[in-house]
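Below are the chains, spelled out letter by letter.
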Amino acid sequence: SQQGEEDPQALSIQEGENATMNCSYKTSINNLQWYRQNSGRGLVHLILIRSNEREKHSGRLRVTLDTSKKSSSLLITASRAADTASYFCATDFTGFQKLVFGTGTRLLVSP
Amino acid sequence: DGGITQSPKYLFRKEGQNVTLSCEQNLNHDAMYWYRQDPGQGLRLIYYSQIVNDFQKGDIAEGYSVSREKKESFPLTVTSAQKNPTAFYLCASSITGVYGYTFGSGTRLTVV
Chain A
21 SQQGEEDPQA LSIQEGENAT MNCSYKTSIN NLQWYRQNSG RGLVHLILIR
71 SNEREKHSGR LRVTLDTSKK SSSLLITASR AADTASYFCA TDFTGFQKLV
121 FGTGTRLLVS P
Chain B
1492 DGGITQSPKY LFRKEGQNVT LSCEQNLNHD AMYWYRQDPG QGLRLIYYSQ
1542 IVNDFQKGDI AEGYSVSREK KESFPLTVTS AQKNPTAFYL CASSITGVYG
1592 YTFGSGTRLT VV
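Going line by line, the protein sequences match chains A and B.
Under the working numbering, the first residue of the first sequence is numbered 21, with each subsequent residue one higher.
Under the working numbering, the first residue of the second sequence is numbered 1492, with each subsequent residue one higher.
The reader is advised that the hints may include incorrect statements.
Only pairs whose alpha carbons sit at most 30 Å apart, straight line, appear in this in silico DSSO-like list of lysine-lysine [what the hints assert, rightly or not]:
hint, chain 1, residue 1, chain 2, residue 2
1, B, 1561, A, 118
2, A, 89, B, 1574
3, B, 1548, A, 118
4, A, 90, B, 1548
5, B, 1500, B, 1562
6, B, 1548, B, 1562
7, A, 89, B, 1505
8, A, 90, A, 46
9, B, 1548, A, 46
10, A, 46, A, 89
11, A, 118, B, 1500
12, B, 1574, B, 1500
13, B, 1505, B, 1574
A short list of chain B residues far from chain A (calculated; beta carbon distances all over 12 Å) [unchecked claim]:
hint, residue
14, 1500
15, 1504
16, 1507
17, 1521
18, 1541
19, 1574
20, 1602
Think of the hints as simulated: they come from the structure by calculation, not from any bench.
A virtual CB, placed ideally from N, CA and C, is assigned to each residue, including glycine.
Please model the complete structure; the sequences and the hints are all you need to start from.
This is how it looks when you write it as structure tokens:
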């Protein structure tokens, strides 16, 4: 399977702290994306980073990509209770936008 | 508002029945996808379609069928051949190129 893996599987922090999630994958990719899923809902696209990019920012989100290590990280700064959700990385290794999703990190942000 | 609509939200299937999950989008997206999510796990690709009247099998297509007769619609049929259909089913769409997916809110299918 080409499925990526997120680490840690679960993360519990206090409001105001930073949350870091990691994603590893197995083959060369065209791009990598991060999604958020609130319990029982669909996924929401957060950010996309292409294989020739090393870092991208969007609001409180920072994503890095290390293609030599086949890994990416998602940093959420100054976490809020509303950030409580599962976060998934997804890789496109075909170049045809057929995404392979990882197993997810469950983030709990306590007030 | 543009979006992607899945219906029904909850669906119960008896053993041996075929059921069809609806997915409709008004985003003018070319590509559509069906994923299956089991509790505590990631998403696995069932089928995808990049243009009308064409679709491809994903990683777990056995026991499922789809059609893409209109750009807006990509229904998924869960057949009686699918031995373990209880799961959360997610439909998504995207425009051609390197862009993110837009997801529907999902259908939770339970076998009774």
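Hint-by-hint comparison with the structure:
Distance check on the hinted pair: residue 1561/B and residue 118/A sit about 20 Å apart at the alpha-carbon level, within 30 Å; holds. Restraint check for residue 89/A and residue 1574/B: not satisfied, since their Cα atoms lie roughly 38 Å apart, outside the 30 Å limit. In summary, the hint linking residue 1548/B to residue 118/A is supported, as the alpha carbons are separated by about 11 Å, within the 30 Å threshold. With a C-alpha separation of about 26 Å, the suggested pair residue 90/A and residue 1548/B falls inside the 30 Å cut-off, and the hint holds.
With a C-alpha separation of about 22 Å, the suggested pair residue 1500/B and residue 1562/B falls inside the 30 Å cut-off, and the hint holds. For the given pair, residue 1548/B sits about 18 Å from residue 1562/B by alpha-carbon distance, which is consistent with the 30 Å threshold. A hinted pair counts as satisfied when its Cα atoms are at most 30 Å apart, and residue 89/A with residue 1505/B does not qualify at roughly 47 Å. Restraint check for residue 90/A and residue 46/A: satisfied, since their Cα atoms lie roughly 7 Å apart, inside the 30 Å limit.
Distance check on the hinted pair: residue 1548/B and residue 46/A sit about 21 Å apart at the alpha-carbon level, within 30 Å; holds. For the suggested pair residue 46/A and residue 89/A, the alpha carbons sit about 10 Å apart, so the restraint of at most 30 Å is met. Taken as a hint, the residue 118/A and residue 1500/B pair is honoured in the structure, with Cα atoms around 25 Å apart against an allowance of 30 Å. With a C-alpha separation of about 21 Å, the suggested pair residue 1574/B and residue 1500/B falls inside the 30 Å cut-off, and the hint holds.
Between residue 1505/B and residue 1574/B the alpha-carbon distance is near 12 Å, which keeps this suggested pair within the 30 Å criterion. Not every Cβ of chain A is farther than 12 Å from the Cβ of residue 1500/B; the closest lies at roughly 10 Å, contradicting the non-interface assignment. Remark: the non-interface label on residue 1504/B is consistent with the geometry, its nearest Cβ contact in chain A lying 19 Å away (cut-off 12 Å). Once the 12 Å rule is applied to beta carbons, residue 1507/B is consistent with being away from chain A; the minimum gap is 28 Å.
Chain A draws residue 1521/B into its interface by the beta-carbon criterion, the shortest separation being 10 Å against a cut-off of 12 Å. Chain A draws residue 1541/B into its interface by the beta-carbon criterion, the shortest separation being 7 Å against a cut-off of 12 Å. With 12 Å as the threshold on Cβ separation, the claim that residue 1574/B sits away from chain A holds: the shortest Cβ distance comes to roughly 20 Å. At the 12 Å boundary, the C-beta of residue 1602/B stays outside the reach of chain A, the nearest C-beta of that chain being 19 Å off.
Violated hints, listed in ascending order, are 2, 7, 14, 17 and 18; each of the other numbered hints is respected by the structure.
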